[in-house]
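Visitor: Read top to bottom, the protein sequences are chains A and B. According to my numbering, the stretch in the first sequence is residues 1 to 317, in order. According to my numbering, the stretch in the second sequence is residues 318 to 611, in order.
Do not rely on the hints blindly, as some may be mistaken.
Rough simulated footprint, nothing fancy, chain B against chain A, three-plus residues with beta-carbon under 8 Å [as the list claims (entries may be wrong)]:
no. : region
1   : 101-110
2   : 156-162
3   : 237-251
4   : 293-302
BS3-like, lysine-lysine: derived pairs with alpha carbons at most 25 Å apart [claimed, not checked]:
no. : chain 1 : residue 1 : chain 2 : residue 2
5   : A       : 108       : A       : 237
6   : A       : 283       : B       : 583
7   : A       : 243       : B       : 486
8   : A       : 237       : B       : 436
9   : A       : 283       : A       : 211
10  : B       : 486       : A       : 283
11  : B       : 431       : A       : 237
Hints were generated in silico from the structure; no laboratory data involved. Idealized CB from N, CA, C, for every residue including glycine.
Single-letter residue listing:
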Amino acid sequence: MTRPGRTFAAVLAALALALALLPLLVRNPYYLNVLNVVALNVLVVTGLNLLIGYAGQISLGHAAFFGLGAYISGILTATYGWPPWPTMLLAACLVALIAAMIGVPTLKLQGNYLVMATLGFNLIVSVLLVQLDDFTGGPSGLSGIPPLTLFGAALNNDLSFYWLAWGLALLGLLLARNLVHSRVGRGLRALHESPLAAAASGVPIEAYKVKVFVVSAVYASVAGSLYAHYYGIITPKTFDIFKSVELVTMCIVGGMGSLWGSLFGASLLTPLPQLLEVVEEYKDILFGGILLVLLIFLPQGLVGWLEGRRSSSGRAF
Amino acid sequence: MTIWDQVAQYTVSGLTTGAIYALVALGFCLIYNATHVVNFAQGDFLSLGGLMMYTFLVGAGLPAPLSFPLAVLAVALAGGLLERLCIRPAKSRQVMVLIFITIAASILMRGAFKHLWGKEPLALPPLSPEAPLRLLGATFTPQNLWVLGMTIAAIFLLVWFFNRTLTGKAMRATALNPRAASLMGVDVHRMTLYSFALAGALGALAGVLITPITALSYDVGVIMGLKGFAAAVLGGYGSFPGAILGGLVLGLLESLTAGLISSVYKDAVAFVVLLLVLFVRPGGLLGLARQERA
Chain A
1 MTRPGRTFAA
11 VLAALALALA
21 LLPLLVRNPY
31 YLNVLNVVAL
41 NVLVVTGLNL
51 LIGYAGQISL
61 GHAAFFGLGA
71 YISGILTATY
81 GWPPWPTMLL
91 AACLVALIAA
101 MIGVPTLKLQ
111 GNYLVMATLG
121 FNLIVSVLLV
131 QLDDFTGGPS
141 GLSGIPPLTL
151 FGAALNNDLS
161 FYWLAWGLAL
171 LGLLLARNLV
181 HSRVGRGLRA
191 LHESPLAAAA
201 SGVPIEAYKV
211 KVFVVSAVYA
221 SVAGSLYAHY
231 YGIITPKTFD
241 IFKSVELVTM
251 CIVGGMGSLW
261 GSLFGASLLT
271 PLPQLLEVVE
281 EYKDILFGGI
291 LLVLLIFLPQ
301 GLVGWLEGRR
311 SSSGRAF
Chain B
318 MTIWDQVAQY
328 TVSGLTTGAI
338 YALVALGFCL
348 IYNATHVVNF
358 AQGDFLSLGG
368 LMMYTFLVGA
378 GLPAPLSFPL
388 AVLAVALAGG
398 LLERLCIRPA
408 KSRQVMVLIF
418 ITIAASILMR
428 GAFKHLWGKE
438 PLALPPLSPE
448 APLRLLGATF
458 TPQNLWVLGM
468 TIAAIFLLVW
478 FFNRTLTGKA
488 MRATALNPRA
498 ASLMGVDVHR
508 MTLYSFALAG
518 ALGALAGVLI
528 TPITALSYDV
538 GVIMGLKGFA
548 AAVLGGYGSF
558 PGAILGGLVL
568 GLLESLTAGL
578 ISSVYKDAVA
588 FVVLLLVLFV
598 RPGGLLGLAR
608 QERA
């Protein structure tokens, strides 16, 4: 294993240990719930950040992939009684297919066409989730989704779900890290620096961009399925365009193209709206204001800023 | 009412909302041409236009002919402030970051609107109270005529501004090539500022005109902004004639779908069109050579 590889593994192990000890301190189910939502967001944002940081493309449709994962899992398990785990896999495959259908025509174009297409896609999905109420339960949502079971035990409380969600979030980070350091990842970084040079060096840039977009959609779909089984009830509002914006914001605030940035961004921004509930009347003003200041003055994200401060040492991974 | 009367009526309402989409789309194009940024606060300019009109007309009791230009001016100022306070001081010139700055500004603005004007919908009276007019089998309310008339007037004004005035020409030069323009002595920063102010004014115009028809609330601009965006893509993002054509076509499609097929999916029409355009003809109806391959 290379040196930066070891550093990554060490940090990840330390993080896993800290997360394993955290439930000893946090007994309040409300805080556990927030931590669980953070874990799911980390999963989505990790995938999304691969797309933003390595393919240089934004998606404003990841809430839709998240929602499709949730609704496909939810409908098939709650209404048709399918087993949850294989259904989750099926949902991920379907979402991958849909992502490919959006990605193939738009990613071969120069410019940010993907952001327009995904934005439109998310809005269409929102309309469909509300209007296809025979399947989706309409605006009031779909309820009665069974919890996941693991080795015969139902993961039906905040603590048991905590282990699953964070386990998968860390696994997601590890997989993303391996992808970044694979042949595809190197190609993508070259692509981000100079598409022309990358193409000239034989990197199949269109195919790579589509691949990373599909992978990021699958991350979102899995997180969505987990979300559906965790809450047992899902409503269309959770997966609207504002959620997509929130997810990209997490990438940018954490640090674009940095895996730790995904972790940072999701951990900071997920609880922020809840914290701001205290000042209810000014919540949106403060949230928008904080984002604005961060984006104007720290566009490289928090991780980029921290790295800039200890500029002599290289990147962590 | 025969089917043709119905179609005539849907055409009237389609052209009316289409004109509004065109105004919003023009605002998107102005800022895109100056900065390559998609300004997601464009819809909030529309909301602010309606809200300022309400404040001047109903709140302060000013007459409509005075409230109207005041509202437009106020939002132009807000557009200028967005550029001056959020876009220009930004440490990054990456388009992606700038786009997200406009999104953050949009969240902030909506929060402020909700705080200042409240959550409840407000009622803005139409610009003139006369009785509806019947023409070619369709009914025109005075507000329909105001929307169409003012949009046409705004378009003529823009054409005159960009072709006949020095500032307008300087803005076009900046859009074509900022570097060359600045070498010719054009103050590129100032032109960007003007683009934002002008986009604000167009958004306000749309807001003042449409809110008596829809309803006025702090977030009325969100969906109108997104549809204006779809219209801009349909016409060819960045193209002024494209924005106008895209807006009208989208308004008509939406109205005819709602009337003749189903109103349930009315809000999806714009975005289905958006996806189809991107898949089939990403340059849009009137887009120029922007569909080059990577």
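Visitor: All hints, please: hold or fail.
Guide: Checked hints:
{"no.": "1", "hint": "101-110", "in the structure": "holds (count 6)"}
{"no.": "2", "hint": "156-162", "in the structure": "violated (count 0)"}
{"no.": "3", "hint": "237-251", "in the structure": "holds (count 4)"}
{"no.": "4", "hint": "293-302", "in the structure": "holds (count 6)"}
{"no.": "5", "hint": "A:108 - A:237", "in the structure": "violated, 32 Å"}
{"no.": "6", "hint": "A:283 - B:583", "in the structure": "violated, 32 Å"}
{"no.": "7", "hint": "A:243 - B:486", "in the structure": "violated, 40 Å"}
{"no.": "8", "hint": "A:237 - B:436", "in the structure": "holds, 18 Å"}
{"no.": "9", "hint": "A:283 - A:211", "in the structure": "violated, 38 Å"}
{"no.": "10", "hint": "B:486 - A:283", "in the structure": "violated, 43 Å"}
{"no.": "11", "hint": "B:431 - A:237", "in the structure": "holds, 19 Å"}
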